[in-house]
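Participant: Sequence:
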Amino acid sequence: MLVTIDKRGSINIPAALRRQLGLKPGTYLELSVEPGGSISLHPVTIYPTVMLNQTGLKKLEEARASGQGKLPKWLVEEMENARTDPKQEIP
421 MLVTIDKRGS
431 INIPAALRRQ
441 LGLKPGTYLE
451 LSVEPGGSIS
461 LHPVTIYPTV
471 MLNQTGLKKL
481 EEARASGQGK
491 LPKWLVEEME
501 NARTDPKQEI
511 P
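With the numbering used here as the guide, the letters of the sequence shown map in order to residues 421 to 511.
Everything labelled a hint here was simulated from the structure, so no lab data went into it.
There's no promise every hint is true.
Claimed, not checked - Cross-link-like lysine to any residue pairs, in silico, SDA-like; alpha carbons within 25 Å at most:
no. : residue 1 : residue 2
1   : Lys-478   : Leu-491
2   : Lys-479   : Pro-468
3   : Lys-490   : Leu-480
4   : Lys-478   : Glu-450
5   : Lys-490   : Asn-473
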C-alpha cells in the first residue's frame, strides 16, 4: 500500500485499513524502526496515572481497609496499582 508524507510530516492510513484494524481517532500508535529500516506501528493503550503524596497514600490505605461504599471499577483498579515512585516524590 503506497502512502505519502505531507508537508507537516504526517501520513494517512487509508480508511479501509483503519476499519480493518479497528483504529479510531485518538488511537495511540507506537512507532519503531526495525533492522534494515522498516517502520512498524503497533496500537497501544494509554492508562491515566494518579499521583499521590504520602498523605494521600495513607488516606487511600484507610479507604481500602474501611470497605465502605462502592467505587467505579476504573478507580478500584487505580487504587490496587497505586504505589510511590521513589524517583518522583511529591512534597
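Participant: Does each hint fit the structure? Answer for all of them.
Facilitator: The hints, checked one at a time:
1. Lys-478 <-> Leu-491: OK: Lys-478 and Leu-491 at ~18 Å, within 25 Å.
2. Lys-479 <-> Pro-468: Status holds; Cα separation ~20 Å.
3. Lys-490 <-> Leu-480: Cα-Cα ~14 Å, so holds.
4. Lys-478 <-> Glu-450: It is violated: about 36 Å lies between the C-alpha atoms, which goes past 25 Å.
5. Lys-490 <-> Asn-473: Satisfied, since the Cα-Cα distance of roughly 24 Å is no more than 25 Å.
Violated hint for the displayed structure: number 4, the only one.
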